[in-house]
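Peer 1: One-letter residues, chain by chain:
There are 4 protein chains.
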Amino acid sequence: MPEIKKIGIITSGGDAPGMNAAVRAVTRTAASKNIEVIGFYKGYAGILDKDFVELSYSSVGGIMEKGGTILRTARVPEFKNPEIRAEAARNLKDLKVDGLVVIGGEGSLTGAKLLFEEHNIPVIGIPASIDNDIPDTDMAIGVDTCLNTAVDAMQKLKDTASSHERAFIVEVMGRGSGYIALMSGLSVGAEAVIIPEVPVDYNELTDRIWQERKRGKINCIVVVAEGAASAYSVARHFENKIGYETRITILGHIQRGGSPTAFDRILASRMGYSAVNFLLEGKFGTMVALEKGQTVTVPLEKVLSEKKVLDPKLIDLVNTLS
Amino acid sequence: MPEIKKIGIITSGGDAPGMNAAVRAVTRTAASKNIEVIGFYKGYAGILDKDFVELSYSSVGGIMEKGGTILRTARVPEFKNPEIRAEAARNLKDLKVDGLVVIGGEGSLTGAKLLFEEHNIPVIGIPASIDNDIPDTDMAIGVDTCLNTAVDAMQKLKDTASSHERAFIVEVMGRGSGYIALMSGLSVGAEAVIIPEVPVDYNELTDRIWQERKRGKINCIVVVAEGAASAYSVARHFENKIGYETRITILGHIQRGGSPTAFDRILASRMGYSAVNFLLEGKFGTMVALEKGQTVTVPLEKVLSEKKVLDPKLIDLVNTLS
Amino acid sequence: MPEIKKIGIITSGGDAPGMNAAVRAVTRTAASKNIEVIGFYKGYAGILDKDFVELSYSSVGGIMEKGGTILRTARVPEFKNPEIRAEAARNLKDLKVDGLVVIGGEGSLTGAKLLFEEHNIPVIGIPASIDNDIPDTDMAIGVDTCLNTAVDAMQKLKDTASSHERAFIVEVMGRGSGYIALMSGLSVGAEAVIIPEVPVDYNELTDRIWQERKRGKINCIVVVAEGAASAYSVARHFENKIGYETRITILGHIQRGGSPTAFDRILASRMGYSAVNFLLEGKFGTMVALEKGQTVTVPLEKVLSEKKVLDPKLIDLVNTLS
Amino acid sequence: MPEIKKIGIITSGGDAPGMNAAVRAVTRTAASKNIEVIGFYKGYAGILDKDFVELSYSSVGGIMEKGGTILRTARVPEFKNPEIRAEAARNLKDLKVDGLVVIGGEGSLTGAKLLFEEHNIPVIGIPASIDNDIPDTDMAIGVDTCLNTAVDAMQKLKDTASSHERAFIVEVMGRGSGYIALMSGLSVGAEAVIIPEVPVDYNELTDRIWQERKRGKINCIVVVAEGAASAYSVARHFENKIGYETRITILGHIQRGGSPTAFDRILASRMGYSAVNFLLEGKFGTMVALEKGQTVTVPLEKVLSEKKVLDPKLIDLVNTLS
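Residue numbers (our numbering), protein chains in the order written: chain B, 201 to 522; chain D, 201 to 522; chain C, 201 to 522; chain G, 201 to 522.
It is worth saying that the hints were derived from the structure and are not from the lab.
Be aware that one or more of the hints could be misleading.
Which copy is meant is left open, so a pair is good if it fits within one copy or across any two.
[Unchecked claim] Below, simulated DSSO-like cross-link-like pairs (lysine-lysine); rule was C-alpha separation at most 30 Å, straight line: (1) K513 - K492; (2) K266 - K513; (3) K483 - K233; (4) K414 - K507; (5) K414 - K205; (6) K483 - K513; (7) K492 - K441; (8) K414 - K206; (9) K417 - K293; (10) K293 - K507; (11) K502 - K513; (12) K417 - K206; (13) K502 - K492; (14) K250 - K417.
The model shown is predicted, which means the values in this text are computed figures rather than measured ones.
With the rest of the complex left out, here is chain B (with noise of 0.2 Å):
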């Protein structure tokens, strides 16, 4: 078993609420054991430029409730290129890091797959995208806090929206993924959800609206993956086929910020005291995801190998439901 005296961390990729948790509990836990930590700062982009900083149980007091990431975050597009790799596996080295725990998404997680693949360095990954579109976790981290941040604000627009007589179009994030538009469209009983998995339909969509318009149905709200479609031409589609008068929100990065629920906070903790425990067991080149309630590792090289798809059972869910 390896001897592990200074880890490393980095939050890489788009940011997501319960980062700085994990970074926190990383810290935590390998403090404890007597572990050194360090974080770079701006994901892969601090462990080519050497720009780190120390933590230790005190620094990290006080970040767990904050929205992004205390270690900033970059994507790093050169970090495709082998020989930038190579560089950072020869800082990791230098700098004397027998451990690098990887909080990101896919995109960052392959970048330390190949690291411990090309380079044989002892890394971990912590699943982190608000798309929820990494595989083999039931969750990741920040998916909660995005969820209810979409939700809360798509309930304000059902207030206004029992008020007068319009169709309301609300875009959200999710580029391949149209998890988030589902399940927030599900939680707040929108009358419309249209996603990159599904093709749309637009007469029969409207068609429908239209339809329960008249049955006196006064709400309208249609929620939309930007993957799928922009509002804007969601809207237009309204007017031009049933003469809807529509209004338009983009909620756009306010999705990333905002304090982490307790769920993110509480799933962020144990993925981070899992992750040094995992390292110091060896299981070098795993994600560690959540699998029944439990934290368990999986290869890097099964997860990347997958790709995520929506539950059919969640869609049939919805419709019964909307």
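Dock chains D, C and G against chain B, hints included.
Peer 2: Below, chains D, C and G without anything else, positioned relative to chain B:
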């Protein structure tokens, strides 16, 4: 002094959080004096269609905390036609309405003023408009809730803005007034606020932001009132001038919704209570206003002959603190 | 396979946020299959009194976001009497209820189990209990909302705790289980958590807090489950032992209220939807459970013969991170 | 006109949300005029101990949204001793502080007044007190946030109160003033409010509640100011007189915490900005007050010779609407 046996209420124009609290207060204050109350649906349309509901002490229970308006609302452009107003006046007299409470913004209050001037309908207005654009009252119903909604949303952006290097452009309501943009920008320490009242020089603005960035400022949140520019056009200026990556949020009607804040519940309760008392004192053709923390009446003619302007000291304040 | 034409629903025992979302999901799923639905008021009392309401697709509109339960709830101690249960069974047969959905905690599910065993009533349970004390399901309805409520409250305490030098004692719900106390304490980084599952040594505890204070720790938040001690008795220990000024918060029933979180809305919607489908599959005498992110059935007999225990790893986690 | 080169700030007494926004506004307004700013820690204690920090434009970034006070606060009873005040005055002169901004409640402002009268220290006060008990200003910093916190909590109680048949007793802050109890009770439509200003007749109160229950009113929320009675003693009256089951919530210091509302951020920003400008105009020995929506100065001597009383119209309003 006229005897008042029956009061009618309408909520009209754009809905504002707190309208229900005003309806409740009018109803319960009237009920305590054995005055009947009816609520017309959809503003002036309900008067024209004699579409109304009897309101009682208990029927308005549990509505105070709801956003929107249980009486629904509508814009009724045909009310600009004097014959239509004559019809409304006839209906009110048929229904033996001795006092009409009009809860809404400038358009709605103009209708009230004309009903009073042309047909001697004993009206009293209650200012409700999230834009805070109604003269002669310190605050209108809905402003405080709207501001808090905008501030909560922008605060979430700050988290994620600190994690990345980007400009975040947030479009808020305010066609004719920059009040919401200015006050919400002040409340989150936005880097810039673009409002209809002050011409914007994009060269100067983007230069300043660029200088601040070079001095180490990470966040960049720009708030824009819809009446000054669209978020997209602001974003284009940033991207073209300084190559800044931008992200857009358009809050839209979220700003009209939500359970009212304590301030709006209290303001609406006080104004509704006072409206009934002022009607009983014969103060027709007036609007209830908040002045030095007290509810007073102001003639509708005066209110509607003025234009509320943004206090220039507030603009200097925002420039100093941001 | 039995034919199901009419389903009855009760919400029973302590109310939990999300119960309404479950009622809505059962009703709309049943309605989509042309099954009639009636909701009994006040749990088993409504069955005994034949006090119920017909529920339809539209009558459950707008209830998902409401805390509490529109069907109201009650504890009915006389339901321990077999003759009373026989009467309930007769009433259900009189009313031609072919399936009974019981939404509640252990006491309520025990009633359901007995109706099934003694009178062959085709029951299915949905676990709802803010204490998360129901075995065989990862989560019960209401837990997530309750936790977020407690965390929001404690987070506010942290602000003021950092400004002063005092200990803040917060009493949360949990007669038999320390789940809420432990998870909320974890989520805010409380300095100590006192739960029924772990005996507390006040000498050791106050010594530790005192040492931390001397090392510069400003905050001191102690969370106590009502089943372990009262806030007042904890405060006395602090004041007597270390002369610490203390301040007390007792959250009380605030923890049962509030609009449900996205998690609880989704969980309740999925469980309500599945409950109807499981009834149609003849899975009587069971409870809907969340297991590995899927809804499954577990025999009520099994559920009620077990006791949910706190995962000791969670306790170690809290000790490590606090 | 005196030249001001250096300003000192303290936050003193009970903390109130918005204090940080005031510190930020004073600092940035002073910085814009090239005035140095130092913040003393723990109120007057920091002046006595010369325990302070230099504040700059950037060091107050990101503090506006935080509850509590970054300068911490303390009650310093020995400040009643003239010799101690003389020492504080000497320290301020040693440190070349040309203007002292005191942010706090009546006790803190009394200290400021004495420093001005006895030692000619150029002080200016900013009213901050969640109780809204400071005369001559429409609002003090922190009141609005406190009210919203209380209202949010009570609104959650209403959900669960409607599900059960019980009385819920909520104890809120307010030793000498019933403002918070009255305004929060108004905002949630509480069935009764017990405040120090109005003697309570428990026979009459419990009779009324009982009659309302018999007429079908389900909810029963009673708000009590800590200065009038304890929640427990109110509960005993209910249980003894009418055998009513009761449940207790004691909000405690939660009411002091939380991120400030838009109102408090704006009020604190305006008052901090004005305080600096008023100091430059030589308006020493005064307090910044909000009057008719404008910031003005009032001599501390006047403020402290008066007592703010609850507007009796507000009490009638609450009785009429509840």
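Peer 1: So, for every hint listed, does it hold in this structure?
Peer 2: Cross-check of the supplied hints:
When the C-alpha separation of K513 and K492 is checked against a cutoff of 30 Å, the pair qualifies both within a copy, at 19 Å, and between copies, at 15 Å. In this assembly of identical chains, K266 and K513 lie within 30 Å of each other by CA distance solely across copies; the values are 25 Å between and 35 Å within a copy. Taking the closest pair of Cα atoms, K483 and K233 come within 30 Å of each other only inside a single copy of the chain (17 Å); across copies the shortest separation is 49 Å, beyond that limit. Taking the shortest Cα distances, K414 and K507 never come within 30 Å of each other, neither inside one copy (41 Å) nor across copies (41 Å).
Taking the shortest Cα distances, K414 and K205 sit within 30 Å of each other only across copies (29 Å), while inside one copy they are farther apart (69 Å). Taking the shortest alpha-carbon separations for K483 and K513, only the inter-copy value of 19 Å comes in at or below 30 Å, while the best intra-copy value is 34 Å. For the homomeric pair K492 and K441, neither the shortest alpha-carbon distance inside one copy (46 Å) nor that between copies (43 Å) is at most 30 Å. Proximity of K414 and K206 under a CA criterion of 30 Å is satisfied inter-copy only: 28 Å between copies versus 66 Å inside one chain copy.
Taking the closest pair of Cα atoms, K417 and K293 never come within 30 Å of each other, the shortest separation being 64 Å inside a single copy and 32 Å across copies. Neither within a single protomer nor between protomers do K293 and K507 lie at most 30 Å apart by alpha-carbon distance, with minima of 32 Å and 49 Å respectively. Taking the shortest alpha-carbon separations for K502 and K513, both the intra-copy value of 24 Å and the inter-copy value of 27 Å come in at or below 30 Å. Within a single copy, K417 and K206 get their C-alpha atoms only as close as 61 Å, which misses the 30 Å cut-off; across copies the closest is 25 Å, which meets it.
In this homomeric assembly, K502 and K492 come within 30 Å of each other (Cα to Cα) both inside a single copy, at 18 Å, and across copies, at 19 Å. Taking the closest pair of Cα atoms, K250 and K417 come within 30 Å of each other only across two copies (22 Å); inside a single copy the shortest separation is 59 Å, beyond that limit.
Consistency with the previously given hints fails for numbers 4, 7, 9, 10, ordered from lowest to highest.
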